[in-house]
Structures are given as C-alpha cells and as structure tokens.
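Taken in sequence, the protein lines are chains A and B. The C-terminal residue of the first sequence carries number 249 in the working numbering, and the numbering is unbroken. The C-terminal residue of the second sequence carries number 177 in the working numbering, and the numbering is unbroken.
All the given hints hold, so there is nothing to weed out.
Computed spacing ranges between beta-carbons, pair by pair:
1. D165(A) with G51(B): 34 to 42 Å
2. G51(B) with D141(A): 21 to 29 Å
3. D82(B) with P60(A): 21 to 29 Å
4. N77(B) with D141(A): 43 to 51 Å
5. E11(B) with G215(A): 28 to 36 Å
6. P146(B) with A34(A): 26 to 34 Å
7. R28(A) with I83(B): 37 to 45 Å
8. T52(B) with R180(A): 26 to 34 Å
9. L129(A) with E11(B): 22 to 30 Å
Source of the hints: derived by calculation from the structure; they are not laboratory data. Keep in mind the model is a prediction, meaning the values are calculated, not measured. We put the beta carbon where it would ideally sit given N, CA and C, even for glycine.
Below, each chain spelled out in residue letters.
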Amino acid sequence: MACEQPKTHLHAYLDGELDAAGMATFERHLETCADCAAALDAEEGLRRSLQQAELYERAPESLRGKVRIATAPTPARPSAHPGAWRWLAVAAALIIAILWGSRSFFPTIRSPQQAAWTTTLLDAHLRSLQPGHLTDVESTDQHTVKPWFDGKLDIAPPVRDFAADGFPLVGGRLDVIEGRTVAALVYGRRKHIVNVFVWNSQDTVPVSDSGERQGYHWVSWKKNGFTFCAVSDVSLPELQQLQTLSFQQ
Amino acid sequence: MLEGRDRVRFEETVLPHLDAAFNLARWLLRSRADAEDVTQEALLRAYRFFGTYRAGDARAWLLQIVRNCSYNWLQKNRPLEDISELSEASMPQERSTPESLAIASHNRERLSRALEELPAAFREVLVLRELEGCSYKEIAAITARPIGTVMSGLARARQQLRTVLAKSAQKEVGHGV
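All chains, please: the whole structure from these sequences, using the hints.
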C-alpha cells in the first residue's frame with residue numbers, strides 16, 4: 001500500500017519543524033507505515049553520517065586577521081615630515097606651560113556642573129566632525145534649515161545665514177547634550193566648522209562665557225530667551241565676531 | 001566607515017559568524033582559497049552596509065551577503081557552473097531503491113565529494129541545515145525563498161545526495177574496492 005503522506009512531512013518531522021500536533025500525528029502514522037519508518041531510518045542515517053564526517057570548515061586564522069585589519073579604524077596618516085611633530089610637541093609643551101602658569105594668576109572658578117556641560121558641548125562638536133555626522137539637514141538656506149527644526153524641538157531657534165560676513169550656514173542637526181535635545185546650527189569659517197548650540201534659556205544650564213580647551217574655543221551668550229554656545233577650533237575673536245553678528249539681528 | 005560604537009557593535013554581532021560565513025562560501029565555491037577571498041569581500045561589504053542592519057539575526061544577515069557574493073563570484077569566474085534554482089530538477093529523480101536507502105558508514109572524503117557533486121542550490125540548503133543547523137525559517141531568509149520551497153528543496157537535496165552516494169558506492173564495488 002502506497003503511503004499518502006507528503007514526503008516533505010517526513011523531512012519536517014526529521015528537522016523538528018512540525019508543530020506539536022503535527023509531530024503527534026506523524027508519530028502515529030509511523031507506527032502503521034513501514035515505508036515511512038524505513039525512510040526515516042535512512043534519513044537519520046544520512047544525517048548521522050554527515051555529522052560524523054565533520055564537514056564544517058572553519059575560517060583560517062589568516063582570514064580572521066585580514067578581516068580585522070580591513071575593518072580596523074584607519075590609523076592617522078604618518079607625517080611626511082617627522083621633524084614637524086617634534087616642533088609641534090615643543091609648541092604644545094610651551095602652550096601647556098603658559099596656560100598652567102596663567103591659571104595660577106587668573107584662576108577661573110568653574111562649578112563641576114559647568115565643566116561637565118562644557119565638556120559635553122566640546123564632545124558634541126568633535127562628534128559632529130566625524131564623517132556623516134555634521135548635519136541632519138544640509139542647506140545654506142536659512143528658510144530651509146529653520147522649518148526643519150519645527151516639531152523636533154520645543155523651541156524654534158533663530159537661524160540666520162552670515163555668509164556675507166564669512167560665516168556661511170552649512171546646515172543644522174539635533175544633538176543630545178546631557179539628556180537634553182538641543183539645536184545645533186552649523187556654520188563654515190574658511191575651512192573650519194563652527195557649531196552653534198541653541199537651547200532654551202529657561203533650562204538654566206551654566207556655561208562660562210568663553211573659554212579654551214585642547215585647542216577648541218567656545219563663546220556663549222543669551223538672546224531672546226535662547227542660550228547660544230559657539231564651539232570651534234577657530235580663534236576666540238572669530239567666535240566673538242559671530243556672537244556680535246547674532247546680536248545685530 | 002564605521003566608527004566608535006558602531007564598529008564595536010559590528011565586532012560583537014557580525015564577526016562571531018565568520019566561521020559560518022567561510023563555511024557557506026567554501027561549500028558554494030568548492031574551494032578554500034576562493035572562499036577566503038569571497039568571505040573577505042562579503043565581510044567588507046557587511047561592514048560598509050552595517051548601517052542597514054537594524055537588529056535581529058546577524059548570522060542570517062551576514063550569510064545572505066556571503067551567498068550573494070558567492071553567486072556573483074561564480075557567475076563571473078565559473079560561468080559554466082550550474083546555479084539554477086531549487087525548483088528546477090537539475091538531477092535525474094530516482095525512486096528510492098533498497099540500495100540507495102542502505103547507506104552504510106561513509107567517510108568524510110566520499111561525503112564531501114558527493115556533496116560537491118550536487119547543484120549549488122541543493123548543496124546550499126543541505127549545508128545550511130545539516131552543517132550550520134539553520135531552521136527552515138532562517139534558510140528561507142538567507143536564500144530569499146518561501147519556506148515551502150526550502151522544505152521540498154531539502155527533501156530533494158537529501159534524495160540526490162543519497163543517489164550520488166549510492167552511485168559512488170557501486171563504482172567502488174565495481175572496481176573491487
């Protein structure tokens with residue numbers, strides 16, 4: 001008597017792919033169908049052979065190494081003039097020495113909270129310089145950038161293009177600073193990038209007016225209920241120029 | 001290029017499946033050397049497109065890429081290779097005979113050769129199921145086929161493997177081995 005069970009049932013049973021009811025039904029069928037019982041035996045034998053043969057082939061170590069290297073972060077390009085590094089190191093040491101000295105003359109009193117907020121703003125600036133992180137909306141048109149923030153923030157930050165004064169608008173993005181979502185306006189300054197973070201002044205977040213850390217400057221100001229903080233590696237006077245432009249609006 | 005957190009996530013979620021990637025490529029290409037090249041290419045591609053991977057089965061996601069890379073490679077480098085679909089019966093269908101059912105112990109050599117003799121589409125479902133231990137659902141996702149096709153393809157692949165094994169056994173008997 002020919003078995004009327006579809007052949008795939010046997011395989012689904014073998015592979016544990018039938019549901020509980022299906023398993024039970026098929027097991028009952030096996031008790032009465034010698035054909036299927038023999039076929040199942042054969043399938044199980046084949047599976048055992050395949051498993052015992054150890055056919056699985058693992059990746060060679062050389063490949064593992066190659067993949068690691070290929071996906072490792074690109075190392076900094078070595079300088080063509082190794083001598084330059086030495087001078088930079090000397091310069092850096094000098095700057096540190098001068099800053100260290102000046103600190104004792106003009107001690108800046110900063111609360112820990114202020115320091116934390118400033119650090120986060122600087123981090124956000126650095127993060128934005130990574131490829132693909134600078135802008136969520138890329139446009140030199142203030143009428144494109146400003147509406148983009150609508151509905152994404154509880155504030156409507158003022159967006160102006162200062163291209164005529166050497167600070168062309170590049171775009172905008174949202175950033176999260178210490179758990180708060182803030183607007184970040186991105187300006188170009190020659191080949192440099194300036195991030196202007198904007199948040200509601202009611203969020204009384206203390207930022208010292210201006211400062212410098214590791215070659216990055218920030219200038220902070222308040223206007224119309226907004227707090228602005230411009231961060232960049234351009235000079236402090238240039239950031240203050242941007243501040244003045246903002247006040248002129 | 002990935003950086004920071006994404007790169008760590010790639011290392012934690014994708015790289016652990018390097019063996020699975022290599023194993024699939026090796027059986028699809030039937031060569032360790034070619035599999036090494038194609039796996040590396042697939043991993044780089046996975047790395048580049050890691051942004052499109054959201055969550056879920058990282059192994060299936062990677063194997064899908066490996067499979068695509070392998071078939072592209074075959075098309076380019078071995079255009080005569082049979083990479084037809086599962087639904088097309090590329091091998092003569094034989095009814096199970098007592099001889100073909102009675103497979104004694106098979107050594108690795110013979111099984112490996114028999115597996116390599118199957119058309120790629122059948123070989124890959126067997127490798128994914130028997131060596132990689134994938135579920136039907138996972139195989140369906142990796143090979144972009146409906147589960148029903150995977151199920152019937154697997155049944156057919158086993159049948160074909162058994163046929164090839166029976167033939168090779170007969171040959172050996174014929175040669176008095």
